[in-house]
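Taking the hints into account, I'd like the entire structure generated from these sequences.
Those sequence lines, one after another, are chains A, B, C and D.
Just so you know, the first sequence maps onto residues 1 to 384 in our numbering.
Just so you know, the second sequence maps onto residues 385 to 768 in our numbering.
Just so you know, the third sequence maps onto residues 769 to 1152 in our numbering.
Just so you know, the fourth sequence maps onto residues 1153 to 1536 in our numbering.
For the record, the hints were derived by calculation from the structure and aren't laboratory data.
Idealized CB from N, CA, C, for every residue including glycine.
Among the hints, erroneous ones may be present.
As the list claims (entries may be wrong) - Simulated restraints, written as ranges between beta carbons of each label pair:
| # | chain 1 | residue 1 | chain 2 | residue 2 | range |
| --- | --- | --- | --- | --- | --- |
| 1 | D | Arg1419 | A | Val66 | 14 to 24 Å |
| 2 | A | Asp48 | D | Gly1422 | 42 to 52 Å |
| 3 | C | His1047 | D | Glu1169 | 55 to 65 Å |
| 4 | C | Ala889 | A | Gln383 | 56 to 66 Å |
| 5 | B | Glu731 | D | Gly1328 | 41 to 51 Å |
Stated by the list, open to error - Each computed DSSO-like pair below joins lysine-lysine, with the alpha-carbon atoms no more than 27 Å apart:
| # | chain 1 | residue 1 | chain 2 | residue 2 |
| --- | --- | --- | --- | --- |
| 6 | A | Lys203 | A | Lys97 |
| 7 | D | Lys1432 | A | Lys280 |
| 8 | A | Lys97 | D | Lys1355 |
| 9 | C | Lys794 | C | Lys885 |
| 10 | C | Lys971 | C | Lys865 |
| 11 | C | Lys1048 | B | Lys664 |
| 12 | B | Lys410 | B | Lys481 |
| 13 | C | Lys794 | C | Lys805 |
| 14 | A | Lys117 | A | Lys37 |
| 15 | C | Lys1048 | B | Lys587 |
| 16 | A | Lys97 | A | Lys26 |
| 17 | B | Lys664 | C | Lys971 |
| 18 | C | Lys794 | C | Lys865 |
| 19 | B | Lys421 | B | Lys664 |
| 20 | A | Lys37 | A | Lys203 |
| 21 | A | Lys117 | A | Lys26 |
| 22 | D | Lys1178 | D | Lys1189 |
| 23 | C | Lys1048 | C | Lys971 |
| 24 | C | Lys971 | D | Lys1189 |
| 25 | B | Lys664 | A | Lys381 |
| 26 | B | Lys421 | B | Lys481 |
| 27 | C | Lys1149 | D | Lys1432 |
| 28 | B | Lys421 | B | Lys410 |
| 29 | C | Lys885 | B | Lys481 |
| 30 | D | Lys1269 | D | Lys1178 |
| 31 | B | Lys765 | A | Lys203 |
| 32 | B | Lys587 | B | Lys481 |
| 33 | A | Lys203 | D | Lys1355 |
| 34 | B | Lys587 | B | Lys664 |
| 35 | B | Lys664 | B | Lys765 |
| 36 | C | Lys805 | C | Lys971 |
| 37 | A | Lys37 | A | Lys97 |
| 38 | D | Lys1189 | D | Lys1269 |
Residue-level listing of the chains:
4 protein chains.
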Amino acid sequence: MSSLIRDLAGGSAEMLEIFDDASVVKHALAFEAALAKAQAAEGLLSEDEAARIAIACAQLPLDTEVLAIEAAHAGTLAIPLVAHLRRALGDETLQRKIHLGATSQDVADTVLMLQAKEGAALITRELDRLQTALALLAERMAATPALGRTLMQSAVPITFGLKAANWLSGIDEASGRFRRECANALMLQFGGAAGTRAGLGGKGTAIAAHMAGLLGLSHSPLPWQARRGHIAGLAASLAILIGAGAKIARDISLLAQNEIAEVFEPRAVGRGGSSIMAHKRNPIGCQIVLSAAARAPGLAAAILSVLPQEQERGLGGWQAEAPVLTNLFILCHGALKTLAVAIEGLEVDAARMAHNLAAANVGLDTGDSEALVRSFLAARKSQA
Amino acid sequence: MSSLIRDLAGGSAEMLEIFDDASVVKHALAFEAALAKAQAAEGLLSEDEAARIAIACAQLPLDTEVLAIEAAHAGTLAIPLVAHLRRALGDETLQRKIHLGATSQDVADTVLMLQAKEGAALITRELDRLQTALALLAERMAATPALGRTLMQSAVPITFGLKAANWLSGIDEASGRFRRECANALMLQFGGAAGTRAGLGGKGTAIAAHMAGLLGLSHSPLPWQARRGHIAGLAASLAILIGAGAKIARDISLLAQNEIAEVFEPRAVGRGGSSIMAHKRNPIGCQIVLSAAARAPGLAAAILSVLPQEQERGLGGWQAEAPVLTNLFILCHGALKTLAVAIEGLEVDAARMAHNLAAANVGLDTGDSEALVRSFLAARKSQA
Amino acid sequence: MSSLIRDLAGGSAEMLEIFDDASVVKHALAFEAALAKAQAAEGLLSEDEAARIAIACAQLPLDTEVLAIEAAHAGTLAIPLVAHLRRALGDETLQRKIHLGATSQDVADTVLMLQAKEGAALITRELDRLQTALALLAERMAATPALGRTLMQSAVPITFGLKAANWLSGIDEASGRFRRECANALMLQFGGAAGTRAGLGGKGTAIAAHMAGLLGLSHSPLPWQARRGHIAGLAASLAILIGAGAKIARDISLLAQNEIAEVFEPRAVGRGGSSIMAHKRNPIGCQIVLSAAARAPGLAAAILSVLPQEQERGLGGWQAEAPVLTNLFILCHGALKTLAVAIEGLEVDAARMAHNLAAANVGLDTGDSEALVRSFLAARKSQA
Amino acid sequence: MSSLIRDLAGGSAEMLEIFDDASVVKHALAFEAALAKAQAAEGLLSEDEAARIAIACAQLPLDTEVLAIEAAHAGTLAIPLVAHLRRALGDETLQRKIHLGATSQDVADTVLMLQAKEGAALITRELDRLQTALALLAERMAATPALGRTLMQSAVPITFGLKAANWLSGIDEASGRFRRECANALMLQFGGAAGTRAGLGGKGTAIAAHMAGLLGLSHSPLPWQARRGHIAGLAASLAILIGAGAKIARDISLLAQNEIAEVFEPRAVGRGGSSIMAHKRNPIGCQIVLSAAARAPGLAAAILSVLPQEQERGLGGWQAEAPVLTNLFILCHGALKTLAVAIEGLEVDAARMAHNLAAANVGLDTGDSEALVRSFLAARKSQA
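Put into structure tokens, the structure is as follows:
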């Protein structure tokens, strides 16, 4: 939707693929296949019919560009997609058994949750790397004295390990929330036209539970077509994760100022240079993370703002969530990945820290810094 | 800070008091007294000294207007407040033992958490009322047919109880998150100048744990002066609660349109009238809730935006959180209280619902609506 | 609405008064008196009746706390206020001639515009001070070499005057927009129940024009009850002004870091100290401005989010604007006032600048810095 | 950056192209060519050298996918792009004359402004269509009675033309601001490493003025690398335009409710259907516009939030603006285009309006509705 050259935001091609058109279509077809299979299990169609539908879903030849135009015209993907499926199936009886009891929002919401699940896995991978790197850093620097700075002024001594422990604790906290919100949010949607699971002989809830299992999502006893708190909770948790990362980036960018020069992003050929100043070593990793953090709060606010959706299924609100949540996933992943690299290779100049601390003339008492780090890391280990 | 006449937002005087100047000062003095008591327990001062400090805190005569001017000048409350305390104590030795090892942000953060705890209690009270009223409504209307509406158009039949169950489920979900975020957030802050708990002979963490117990907050092994994810999580949870309430208000305002006329806010003399149209019955409760929901996302975004705070204690970021979080508490409480009243007295016109449903000519099959309501309510009961 | 001790935000008592309850009531009564006078001019009531109404408005004894409760109950101020006025007037014929053709939103919107006009005057006063101080600073330092810094790294030489000129240019730009948006926004509202100016014998527009003149607002040929773009434009312009100020505060806070130490906020006894570190000199002015800038974008977003107001007059949207716009005015005024003081007394250490520049080893070529400053200031003068 | 299938938002392929990777590269090369030409005019290089650079820019073979990876690594596009250009040129002397005196942000900012200019032209085209359609609608319906609705309740009579006039007036207002902000914002950026235009023998400003002319942007006497108010103003104006459009969409969606049924989006085969309910006629145009309006405020807030950029050129702030502004342009264009189609073909059922008005039993006095419409349209014409 815009320029990758300008907007890659540190993310991976892998994450972009999770949210691209092909992925949307893939998950939508998986929804239809799972629906047929679950309905077969409940006797609404035969196992053979379900199998033929599954094959049609697996083999459907689709041009995503054409489909995008059709979906934009229809106002939703499911209408043209199901039409293509029906044409592919040929058999009129079978045509009527596709998408049975489902509405287009069931597909759209479930697709988004499937993408979110895949996106969460990538984020978790980067979180693991980042947390490991931060724990090592905190441990290694637990006793290394440095100048503490408050309200942008020199304050009193800390150890650099305490700063790293705080960074890690911020990521831990945000990571915990993200996992909770994922567990809360990643549900199948299956409600039908108005959330009543009508037209399925009272078997709608059993079908939903079965589908959820097939697709690896959790089951929501009540459809949630107009109940979006968990989407908002997930969005907020992504924004908080980004913010916890940006706290680290903010600190690194401050500590890397030439007059302070205590830590630096790892050197990489061709990274952080200037098109005009050969001596520059710009903190590009911090730039990416801070840029993500500038964008995230407004994205989370957009999702918060559409909570009051109309009646059984709203107009314009849930349709706004998908692209915005996509954006948050991509920004979060890019920020964490960038930060993991930066922390793994962080250059720390303990001698310069000692020098700056001495120059500040605030004594050498680092208080309980080291003890705080040690007990924090020990407690983390015992919980793991 | 502005006009109550225009901004009361459905809240109570009780909630406004929790966040007013007198309350800030009260909690700040409670912090200083608890600090002295905890330090006495750890042998840093005598029990007698702690008692004298506690008395001084309890009896300190303060003019909050003067203090506001002094705090604005100093840039923080603790500096003038501690100065007043010291003057009141007289004894120079004792003067040095006040506020020992604490920094002004320790006071400010702890005060905010104490206010948040009181605010959360009021919100919980209104949540209980609202959830009870919604559960009764859902039960009573479990089988009452109504027209489902999707994308702002007539869709297929539901029961009105299913709509109420969805409202309740949205509130349940948001309430669960709010409770989790409170449990996560309501911590004592005690880190000292740069979060190292220096100057306390290694007893800082024991003192912090003791103080937390005295003040009824949880204990954070690491001070969190520049780690603000839990504040953001709490803010987001308040915004989501408001949004879950506004979903209900949106629906009521749509259903109360004269051409639909299915539900109405309870009648109250002098409420909802027009200054010019005698026939009007404006949904004032919905207005209050929707208005809160218009304001909440931007407030949550503001708190999300200050996560990247600088170094050991930041400049401008945490100082922005307190008034914004205050605003969210007041708006949330007002919205829930208003909604509780509206749902308790909601007028539901089942005959009109039947009429509108018949007119829509979409049949009478409400699918699993009633079963969904019943099983949802049963599951809620079994969890309670 | 919350704690002044924590939330004064650098503003003046004068600005708080402009937006307090008494001011709301004062302007609401001014609206009613102007309406009567304008209607008398158009022959809808006699000059004597208008005069008696004006006297009643001027003399009405009101308890704003009671009125706040009544307004909260009614959902709008005008209903109880007009009822009080009618009781005060006694004469039944005259009672019917009050508030004739007006609706409560006419009062609320006009009151907000009258407050905004007064608030704009205060802001303009601080802008004048700040612009004058910045122009002097830019002129004085036009040729003073300093190190330019980009992407948080040392870059190439500038003059400090060029930085000040950029600060000023940012304020000029934002100030120009603010003035344009005020000129665009500060309109009387007079539309009646649904914006048709009914019940006034076709004289509604003449009455509106007359009232606008009496109240010092501009006249809107069409009532704007559900057309709120100018409110959003005004809100955005306030947020941009705050942001232009915060750019200056950000720079000062970076330049005042102890390792850089090039500029400092003016010293003031008791300001910027630490409750625990005697050596600290915290940039409290920057804190106030940066804090305002953290809050402003979300406030502007809230006002942007309510643009799609329903039908002839909306529910919940315009009611959200007034407290949010109030907040923006107070934050903007506090930020600019704080900054004016900081710039007027800014301590600039040119020797340290020279030292830091030499240490950076990036040569001494300040390019066109001085010429850019001189021509910028000359162009400003010629436009004034 | 995400799924077009889900995120097309009513826009055109034309608008997407304006902001795609190829366009970014095209404009970046145009910047370098214009720079060379302007420098030749000022004698910094020969006309022949400028011509050879222009040819290299025009003929440079580029793989945008590779370039995206290189730019992400370098943290900015200009570094790899200029390297490719230099390789293409071969001649070492000429290599040194490329990008002379420019920094990578000069390229990035100018590219964004060139894209914004093209985007503004597309938006203006849709605005013209929409304004024409609304003016015709207002004129045609100037005297058609309809029920006015306020606070979501039936109020008093209006004419439908008055509603359309208000819609148009909202678009006019927002359109005026958008044009002003474009005129204010669309400037060349040329400041060099730290905004001093160093290394150009004092000819930097003349070169900038010349380049601005070549590229069709306005000239900024001071470079604006860390002064971003005009970007924020432009972003806000786009959000307000979207909001003014969404006000119309909100009204149409309310009026198209089956129980009201006064207006409808134009019928189009395959648009607005339901995947499950054959009778549905969903207001898909309104959905697109309301969805854009849900996303815009947070995007504007993001751009407002980065105003306090650090020093001569910031870290993370301006890098966040480009993708966000891109998003606003695409959403605004899609919303206006969608709305233009909807208004051009709007089905208005005057008989139903009369029926609903009669049913409301609020009389037939439409006040000055028609006169207000006529004078509004006449005033518009006389200004055009």
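**Request:** Sort out whether B/Lys410 lies within 27 Å of B/Lys421, counting only the CA atoms.
**Result:** Given that 27 Å is the threshold and the Cα spacing comes to 17 Å, the pair holds.
**Request:** Would you check the hint for A/Lys203 and A/Lys97, treating anything up to 27 Å between C-alpha atoms as holding?
**Result:** holds, 15 Å
**Message:** Does B/Lys481 sit within 27 Å of B/Lys421, going by the straight-line distance between their CA atoms?
**Reply:** The hint holds at about 11 Å.
**Asked** Under the criterion that the straight-line Cα-Cα distance not exceed 27 Å, is the pair C/Lys794, C/Lys865 satisfied?
**Response** Satisfied, since the Cα-Cα distance of roughly 20 Å is no more than 27 Å.
**Asked** Holds or violated: C/Lys885 with B/Lys481, Cα cutoff 27 Å?
**Response** violated, 51 Å
**Request:** Starting from A/Lys117, check that the Cα of A/Lys26 is at most 27 Å away, please.
**Result:** holds, 14 Å
**Prompt:** Does the structure keep D/Lys1269 and D/Lys1178 at a Cα separation of 27 Å or less?
**Reply:** Measuring from Cα to Cα gives roughly 14 Å; hence the hint holds.
**Pairwise hint evaluation, D/Lys1189 against D/Lys1178, where the allowed Cα distance is 27 Å at most** = Cα-Cα ~16 Å, so holds.
**Request:** Would you mind confirming whether the straight-line C-alpha gap from C/Lys794 to C/Lys805 stays at or under 27 Å?
**Result:** Distance ~16 Å between C/Lys794 and C/Lys805 Cα, so the pair holds.
**Message:** Against the 27 Å threshold, does the CA-CA distance of C/Lys805 and C/Lys971 hold or violate the hint?
**Reply:** It holds: about 13 Å lies between the C-alpha atoms, which stays within 27 Å.
**Message:** For B/Lys664 and C/Lys971, compute the direct alpha-carbon distance and say whether it is at most 27 Å.
**Reply:** Roughly 25 Å between the alpha carbons, so the hint for B/Lys664 and C/Lys971 holds.
**Message:** Can you confirm whether the C-alpha distance between B/Lys765 and A/Lys203 stays at or below 27 Å?
**Reply:** Holds: B/Lys765 and A/Lys203 sit about 23 Å apart, inside 27 Å.
In summary, the structure is inconsistent with hints 2, 7, 8, 11, 19, 23, 24, 25, 27, 29, 33, 34 and 35 from the numbered list given earlier, while agreeing with the others.
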